[in-house]
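Trainee: One line per chain: the protein sequences are A and B, in this order.
As numbered in the working numbering, the first sequence has no gaps in its residue numbers, which increase by one up to the final residue, 352.
As numbered in the working numbering, the second sequence has no gaps in its residue numbers, which increase by one up to the final residue, 667.
Source of the hints: derived by calculation from the structure; they are not laboratory data.
This one's a predicted model, so the numbers in the text were calculated from it and none came from an experiment.
Some hints here could point you the wrong way.
[Unchecked claim] Anything over 12 Å on all C-beta distances counts as not near chain B; from chain A, calculated:
id : residue
1  : T3
2  : R132
3  : V149
4  : G254
5  : R272
6  : A287
[As the list claims (entries may be wrong)] One side of the interface only, derived from the structure: several residues of chain B facing chain A at Cβ under 10 Å:
id : residue
7  : A560
8  : I582
9  : I585
10 : I625
11 : W660
Ideal Cβ positions, reconstructed from N, Cα and C, are used throughout, including at glycine.
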Amino acid sequence: MATVSVRAVRKAFGSTEVLHGVDVEVEDGEFVILVGPSGCGKSTLLRMIAGLENVTRGEIAIGGRVVNNVAPKERDIAMVFQNYALYPHMTVHDNMAFSLSLLNAPKEVIAAKVGRAAEILGLQPYLQRYPRQLSGGQRQRVAMGRAIVRDPQVFLFDEPLSNLDAKLRVAMRAEIKDLHQRLGTTTIYVTHDQIEAMTMADKIVVMNGGNVEQMGGPLDLYDRPDNLFVAGFIGSPAMNFLKGEIRGGAFHTGDVALPLPLQVPSGAQDGRRVIYGIRPEHLLLDAAGVAATVHVTEPTGSETQVIMNLGTTQVVGAFRERITQKPGQSLHIAPDPALVHLFDEKTGTRLS
Amino acid sequence: MDASTWVAKRPTPSALAQLFDNKAFLIAVCLFPAVGLLLVFLTYPLGLGIYLAFTDTEIGGNGHWIGLENFEYLLTDRIFINSVWNTMFYTFVATVGKFALGLWLALLLNHHIPFQSAIRAIILLPYIVPTVLSAIAFWWIYDPQFSIISYVVVDQLHLRDKYFDFLGEPWPARWSLIVANIWRGIPFVAITLLAGLQTISPSLYEAAMLDGASPWQQFRRITAPLLMPILAIVMTFSVLFTFTDFQLVYAITRGGPINSTHLMATLAFQRGIPGAQLGEGAAIAVAMIPFLIFATLFSYYALGNRKWQQGSDND
């Protein structure tokens, strides 16, 4: 196990810079998730940590040792690829034993280590199968087994669940988290799925356009997003944003007035143009609230999501209550003032 | 009629459309050209050749059925026995050479190198030039008087004081033909193996690199086994083409000197057409069939059939 430090790392392919100075600190044994939309540089960063891409500038250290010029196999890391990258001509057993056989490990050691990994992942019945004969979830487990057998300092996962169907993805999510809890190995995991990030990570690094937007615990990001990007990226359904200005102790958009947060940020003086953020689940049914026109209702059973028009803006609400209003009818709602976010209209940063 | 009163009704297809919708008719129509061509241009000549091998037919005369007499005679014919050895030697050495150099080229081209597509096109050149043309070029290269190799080595570099006699002695002639055949065969091997290499996912190499495999180990444990199925097919074709080679040998040496470079194919032609012994020529050609079947089966079963390629049962 080891810490991983990424310091002021830049990456350029030719003249195109894709990472513009990224700093990330991963504690020993921590589960860190790099999350962001496609093309934000998260996979590139992971591949640089693995040693599959060169570092253009800055440095990467694993366990305190700068590894910029260290070959991948000397870094003591193991990686699980998006397409699993299982060797198709080897059985499950041989796939997992490959790295050990390259070290000429004694037979008993190979048997013990592969046996342990197979037991952890429930792969014993499949050891003599070829990858072709396995289902997606089983292949995923073999890829993880190959990593476990190595007993590495750091696990790297590159979007490991994106090739699985929705139900299996949820199951594997829990399995990977459980695995991390049992092995306690430092883990860096890349995904574009914010739900994966929220549910699995000790720490989330939100990336966008080659920069780190915010770094912190899942609930910190959810409760106090630093900027509009993080506010819109974390949470599902996404946060509602309303454009308007502060006037007389309330937020006004069109002819709709909404209450300011309980703890009014210092910058929120009268006349300031701001963006008002409220999560769908923090909109409450309130007869004394503002009227919104129902556009579409989407019952999921546990809650009902309602897309509605609030003044000129379309907003989404998620209510525990059953909604009986039909499209076109009005619904009275009020934001929970303890959970309202204000952002600067120009810079998109949080007012605090 | 407006849209509200219109009733959807499918029109009845014409007789021709109905005919073409008939599956049996369609199968017959589609199969006819292929089956016809195969029968006229493959089955008939092959059958005729096999039949002639059991007769004493000569050009201009009707032969009689003589059973295995042609084959019995050939077994005592030193020139024929020699041609069999020549063919096997020629096939073996040329195939090894083609695959060694072709695989080497394919591995080089599989990396990102400058002018990759231009180099790929140049490599294909020997394959594009008609065989007889390149054979004539080699004939000049190997000419005892005008050989460019002799010119460079003797007249320019003064490394030797005598011109090379490439085609005048049996062994130099055999090696010269093998070199020409390798030159001609490399593009096919290199391009097909390159296609095979490109089907191997780069992430396998990345995974192997992280697992600690050196470049040689990556080649031996990842590239080689994954390339084997394609290699087997390419090898089969290459062996067939080389074993039945005619053009290069006939254009460069015509089997000489003193019949020492005759392959089975050139000897069969020599005996059958210029020598007018159609039956005997056919017998030599038919004698190639067992070798070809054996070579095909060997490369198919020994190299090709891999357990990991088969079956996707998810039970």
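Trainee: Does each hint hold? Answer for all of them.
Mentor: Cross-check of the supplied hints:
1. T3: holds, 20 Å
2. R132: violated, 5 Å
3. V149: Per Cβ check, V149(A) is inside 12 Å of chain B; nearest 10 Å; violated.
4. G254: holds, 42 Å
5. R272: Its Cβ never comes within 12 Å of chain B, the nearest being 51 Å, so this holds.
6. A287: Correct as stated: the minimum Cβ-Cβ distance to chain B is 46 Å, above 12 Å.
7. A560: With a minimum Cβ separation of about 8 Å from chain A (threshold 10 Å), the hint on A560(B) holds.
8. I582: Violated, because the Cβ-Cβ distance from I582(B) to chain A comes to roughly 13 Å (cut-off 10 Å).
9. I585: Since the shortest Cβ distance to chain A is 17 Å, the answer is violated.
10. I625: violated, 49 Å
11. W660: holds, 4 Å
Checked against the numbered hints given earlier, this structure breaks hints 2, 3, 8, 9, 10; the rest are met.
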